[in-house]
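Enquirer: Sequence:
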Amino acid sequence: MLLSRRNALVSILATGVLALVGCASGGNQQNGTPSTPANASAGADASPTPTGPADPLPAGIVNAIMLAQISEDRTTVTLVSIARDTYLNGNKANAAYPAGGIELLKKTVSDALGGIDIHLTAHTNFTGLISITRWMEGITVFNKHKNTTVVQSTGREVVFEEGEILLENTDALIYARERKALPNGDLDRAERHRALIVGLLKGLQKWNEKSPTTFS
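The numbering of the sequence shown is the numbering used here, which starts it at 12 and goes up by one.
Some clues are possibly wrong.
[As the list claims (entries may be wrong)] Computed cross-link-like contacts, DSS-like style, restricted to lysine-lysine with a CA-CA straight-line distance of at most 25 Å:
| no. | residue 1 | residue 2 |
| --- | --- | --- |
| 1 | K103 | K191 |
| 2 | K118 | K155 |
| 3 | K118 | K103 |
| 4 | K213 | K155 |
| 5 | K117 | K103 |
| 6 | K157 | K213 |
| 7 | K155 | K217 |
| 8 | K191 | K157 |
[Claimed, not checked] FRET-style restraints, in silico, Cβ to Cβ:
| no. | residue 1 | residue 2 | range |
| --- | --- | --- | --- |
| 9 | W146 | R167 | 20 to 30 Å |
| 10 | E172 | V91 | 19 to 29 Å |
| 11 | S227 | L131 | 13 to 23 Å |
| 12 | K191 | G112 | 24 to 34 Å |
Don't read these hints as lab results, they were simulated from the structure. Glycine is no exception: its CB is placed at the ideal position from the N, C-alpha and C atoms.
Using the sequences plus the hints, can you model the full thing?
Expert: See below:
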């Protein structure tokens with residue numbers, strides 16, 4: 012991904028960034044271990060939920076883990092997703108955060124990647140993703156797989172066409188959460204997470220160029 016002026020933006024000005032897309036559901040418990048994350052999702056119960064069979068995950072925090080590496084010359088960003096069921100240090104990747112918070116997750120990912128330095132972290136939730144989507148008046152992404160999702164809470168049918176699409180209001184969250192309707196499940200969902208990050212960065216660049224005062 013190529014970046015324009017003020018290349019990495021204020022949020023990710025570092026060589027390595029661990030980005031978390033944290034989605035809280037139910038109680039704060041994973042694999043029987045209680046946890047109290049600093050950024051528990053506010054208002055998650057009111058968020059749209061894709062249709063499909065009940066998620067087989069334990070109750071509690073569900074994390075999507077992504078490593079972003081910014082080049083030394085600040086011209087490119089490389090995104091690498093770590094699937095939640097990947098075994099790192101003897102446990103699934105998504106067990107590190109509820110067990111030991113950001114620090115254990117950073118160590119787990121760093122150890123798995125040969126001791127790579129992780130300089131900054133970002134953690135969001137349902138409310139944060141919806142809020143920034145609305146503030147930006149939508150996030151444009153390139154969608155690889157067309158699918159239709161019916162929102163359980165409202166019955167609204169959302170069609171995500173193949174190709175470049177604009178995700179507005181709550182649709183970015185619905186887009187990010189879907190996996191059961193995608194051919195490669197979690198791997199395709201991780202690809203959607205990367206597409207959202209790319210779309211988000213490009214959108215923020217446009218806002219910065221259009222209205223620096225508003226952006227700040």
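Enquirer: With reference to the structure, classify each hint as holding or not holding.
Expert: Evaluated hints:
Taking the CA atoms of K103 and K191, the gap is near 20 Å; set against the 25 Å cutoff, the hint holds. With a C-alpha separation of about 32 Å, the suggested pair K118 and K155 falls outside the 25 Å cut-off, and the hint is violated. Proposed proximity of K118 and K103 is supported: the alpha carbons are some 14 Å apart, at most 25 Å. Proximity of K213 to K155 is assessed by CA-CA distance (about 18 Å); at most 25 Å being required, the pair is judged to hold.
Restraint check for K117 and K103: satisfied, since their Cα atoms lie roughly 14 Å apart, inside the 25 Å limit. About 22 Å separates the Cα atoms of K157 and K213, which keeps this hinted pair within 25 Å; it holds. Pair hint K155 plus K217 holds up; C-alpha atoms about 23 Å apart against a cutoff of 25 Å. Taken as a hint, the K191 and K157 pair is honoured in the structure, with Cα atoms around 13 Å apart against an allowance of 25 Å.
At about 22 Å, the CB distance of W146 to R167 agrees with the hint of 20 to 30 Å. Between E172 and V91 the beta carbon distance is about 27 Å. The supplied range of 19 to 29 Å therefore holds. Against the hinted window of 13 to 23 Å, the Cβ-Cβ separation of S227 and L131 comes to about 19 Å, which satisfies the hint. Roughly 29 Å separates the CB atoms of K191 and G112, a value that falls within the hinted 24 to 34 Å.
Hint 2 alone, counting from the list given before, is not met by this structure.
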